[in-house]
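Top to bottom, those sequences are chains A and B.
Start counting the first sequence at 1; every next residue gets the next number (the numbering used here).
Start counting the second sequence at 1; every next residue gets the next number (the numbering used here).
Hints were generated in silico from the structure; no laboratory data involved.
Hints are not guaranteed to be accurate.
Distance condition first, Cα-Cα at most 27 Å in a straight line; then the derived BS3-like pairs of lysine-lysine [to be verified]: (1) B/K186 - A/K54; (2) B/K60 - A/K185; (3) B/K4 - A/K157; (4) B/K98 - A/K45; (5) B/K80 - A/K211; (6) B/K186 - B/K132; (7) B/K60 - A/K211; (8) A/K214 - B/K60; (9) B/K136 - B/K109; (10) A/K85 - B/K186; (11) B/K78 - A/K211; (12) B/K61 - A/K214; (13) B/K78 - B/K60; (14) A/K211 - B/K61; (15) A/K214 - B/K90; (16) B/K136 - B/K98; (17) B/K186 - A/K45; (18) A/K211 - B/K44; (19) A/K214 - B/K12; (20) B/K44 - A/K185; (21) B/K44 - A/K214; (22) A/K185 - B/K61; (23) A/K45 - B/K132; (24) A/K85 - B/K98; (25) B/K136 - A/K45.
Cβ pair distances, simulated, as ranges [what the hints assert, rightly or not]: (26) B/R191 - A/G116: 57 to 65 Å; (27) B/S25 - A/I256: 41 to 49 Å; (28) B/N141 - A/F47: 15 to 23 Å; (29) B/S25 - A/D49: 50 to 58 Å; (30) B/K61 - A/D255: 24 to 32 Å; (31) A/D152 - B/P116: 52 to 60 Å; (32) B/I180 - A/G82: 22 to 30 Å; (33) B/P116 - A/D255: 46 to 54 Å.
Only a predicted model underlies this, so the values are computations on that prediction, with no experimental measurement involved.
Ideal placement from N, C-alpha and C gives every residue a C-beta, glycine not left out.
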Amino acid sequence: MKLPVLGVGMGYRDPIAHHILSHTAGIDFLEITADHFLRSTENRKEFLDELSSKYVLIPHGLNLSLGSAEGLNSEYLQDLSGLVKRLDPPWWSEHIAFTKAGDIEIGHLSPVPFNGESLSAICENIRIAREEINLPLILENITYNVDLPWNDIEESKYLAELIYRSHCGLLLDVTNLYINSHNHKYDPIDFLNNIPAESITQLHFVGGIEKDGKWIDSHGHNTQNEIFDLIEEVLKYAPVKGVILERDANFPEFDILINELDRVRQLGRKYDRWD
Amino acid sequence: MGLKDQQRTLAKLFTLDSARSDFLSDNEVLKEYVVSIKDSDLTKDQFSMQIYEFADSLIKKRLGQVRQHIPGTCYIVKTKLAEMFQEYAKDEPTSGIKRHLYDSLMFMKYLELNYPEFLISNIYKSIFKFEKIRLKAILANRFLYIKIFPFEVSMALEKLKLYDQKSNVSLGSPRICFWIKASADKDVVYRELYPRFWPVMLTKELRYNN
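Just chain A, same shape as in the assembly (with noise of 0.2 Å):
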């Protein structure tokens, strides 16, 4: 399926909701956190209603739990679907992760061991996850810190192989990249070159911050340089069709969100993936 050209844009946030709505021309799309709206009130699906009558809203799923080999929380599906078919997105994403297992949720995305069990498992959720939701699925790479010890298969190798068998696309998450491969010691180009390009549907990117020798996924500072860097070596490398900035907190002036916005959209430019 041909998916359209997005632009660049940014994750939703209700402390800069007045920014957002006051500033359409400068942001193409939004991406919005699926489970922030989920059984929510009647004012706040009026809420989506005019935000969805201003952008494109892309939902993103925090708690589908697709590394789940326990199979998917069928509720939290059926409620993620009804979102879903509301909005009638081009796409919709999930993190390659899990978040719970036995009666824990855990409240945080936890990494899934690289190797063949797990991608049936993850391979299986989709397809399940696909018959509630009929839309075409991107997959967002994680941080993470623990090196599990059942890995046998590179991330880069083990992502590749995900898509080809799910038959989904990527989401990049820049950040997650840059971060995993200072931390874990790779060079992100070759982790690049491992993924097929056309699957690189959208982009993450926001800044991280280091501390005591790691990287850490922060969510709440401006974007490095060097992430800026990464950026463009994906842009030149794949036919991306959207980008978004994925600040959570400590906001910064509004103006310095949008600067980073025009900053990928030039780079996107430079490489013909937008006007």
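Fit chain B to the given chain A structure using the hints.
What follows is chain B alone, placed relative to chain A:
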């Protein structure tokens, strides 16, 4: 050990301090779990450290969310907040779409039970009560609550923060506060009134001495 068991073990290690202590202090179990599974260059010390880092980052994330929902309560416990939250959360995982709200409410209950000394002041007690009612209203399917507070409780936190360095701050006149929620898909309606005539004992503005 299959993926299902691996994930169940990891979920416990990430969220339960007791599981971490038992598991990671047992050298034999840990050795079996980490080292003998494959020829990995990951040592058990490294693995333990990574698990603790993950758990710590999860607790910090939860605390950040709780701060947003009960800023007044967090202000009351001041520098003890991180320590108290860690103590509360270490064996108390959260669940559900509204996990942040439940986490906030459970933390308040924990404070009430274990640290009542922080709630001796009438001002702090009122702020705490105000935030607790607000959380309960949001979480309820239907809710109606009316309470008189001896000062402008909805603005108290801003005033306390603003004038924390001063010794004497007016917290405003008494208020009658209403919370109404008609059904689960409606927002909570909150109103406060400040009638002109009050019983004598309530007409004096409360003052805050830090």
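Comparing the hints with the structure gives:
Note on B/K186 and A/K54: the hinted pairing holds, with a Cα-Cα distance of about 24 Å set against a maximum of 27 Å. Between B/K60 and A/K185, the direct Cα distance comes to roughly 26 Å. Compliance with the 27 Å bound is thereby established for this hinted pair. With a CA separation close to 23 Å, the supplied pair B/K4 and A/K157 stays within the 27 Å bound. For the hint pairing B/K98 with A/K45, the CA-to-CA distance comes to about 16 Å; that is within 27 Å, so the pair holds.
With a CA separation close to 24 Å, the supplied pair B/K80 and A/K211 stays within the 27 Å bound. For a cut-off of 27 Å, the pair hint linking B/K186 to B/K132 stands: about 19 Å separates their Cα positions. Distance restraint check for B/K60 and A/K211: the Cα-Cα separation of roughly 15 Å lies within the 27 Å cut-off, and the hinted pair is therefore satisfied. A threshold of 27 Å between alpha carbons decides the hint, and for A/K214 with B/K60 the separation of about 17 Å falls inside it, so the pair holds.
A distance of roughly 12 Å separates the Cα atoms of B/K136 and B/K109; the hinted pair therefore holds under the 27 Å criterion. Straight-line distance between C-alpha atoms of A/K85 and B/K186 comes to about 22 Å, which keeps the hinted pair within the 27 Å bound. Note on B/K78 and A/K211: the hinted pairing holds, with a Cα-Cα distance of about 25 Å set against a maximum of 27 Å. At most 27 Å may separate the alpha-carbon atoms for a hinted pair to count; B/K61 and A/K214 meet this at roughly 18 Å.
Simply put, B/K78 and B/K60 have alpha-carbon atoms about 16 Å apart, close enough for the 27 Å limit, and the pair holds. Proximity of A/K211 to B/K61 is assessed by CA-CA distance (about 17 Å); at most 27 Å being required, the pair is judged to hold. Among the hinted pairs, A/K214 with B/K90 is consistent with the structure: their alpha-carbon atoms are about 24 Å apart, no more than 27 Å. Proximity of B/K136 to B/K98 is assessed by CA-CA distance (about 12 Å); at most 27 Å being required, the pair is judged to hold.
Using a Cα cut-off of 27 Å, the hinted pair B/K186 and A/K45 holds, with the two alpha carbons roughly 10 Å apart. The hinted pair formed by A/K211 and B/K44 meets the criterion: a straight-line CA distance of about 23 Å does not exceed 27 Å. For a cut-off of 27 Å, the pair hint linking A/K214 to B/K12 stands: about 25 Å separates their Cα positions. About 20 Å separates the Cα atoms of B/K44 and A/K185, which keeps this hinted pair within 27 Å; it holds.
For the given pair, B/K44 sits about 20 Å from A/K214 by alpha-carbon distance, which is consistent with the 27 Å threshold. Proposed proximity of A/K185 and B/K61 is supported: the alpha carbons are some 26 Å apart, at most 27 Å. Restraint check for A/K45 and B/K132: satisfied, since their Cα atoms lie roughly 26 Å apart, inside the 27 Å limit. Taking the CA atoms of A/K85 and B/K98, the gap is about 22 Å. The hint holds against a cut of 27 Å.
Restraint check for B/K136 and A/K45: satisfied, since their Cα atoms lie roughly 21 Å apart, inside the 27 Å limit. Taken as a hint, the range 57 to 65 Å holds for the pair B/R191 and A/G116, whose Cβ atoms sit roughly 59 Å apart. Take B/S25 and A/I256: their Cβ atoms lie about 46 Å apart, and the range 41 to 49 Å holds. Remark: the range hint 15 to 23 Å for B/N141 to A/F47 is upheld by a beta-carbon distance near 21 Å.
In this structure the hint that B/S25 and A/D49 lie 50 to 58 Å apart at CB holds, the actual value being about 53 Å. Distance hint for B/K61 and A/D255: a CB-CB separation of about 28 Å, consistent with the stated range 24 to 32 Å. Range check, A/D152 to B/P116: Cβ separation about 53 Å, and the 52 to 60 Å hint holds. Restraint check, B/I180 to A/G82: a C-beta distance of roughly 27 Å satisfies the suggested window 22 to 30 Å.
Under the hint 46 to 54 Å, the C-beta atoms of B/P116 and A/D255, about 47 Å apart, fit the expected range.
When the structure is compared with the earlier hints, no violation turns up for any of them.
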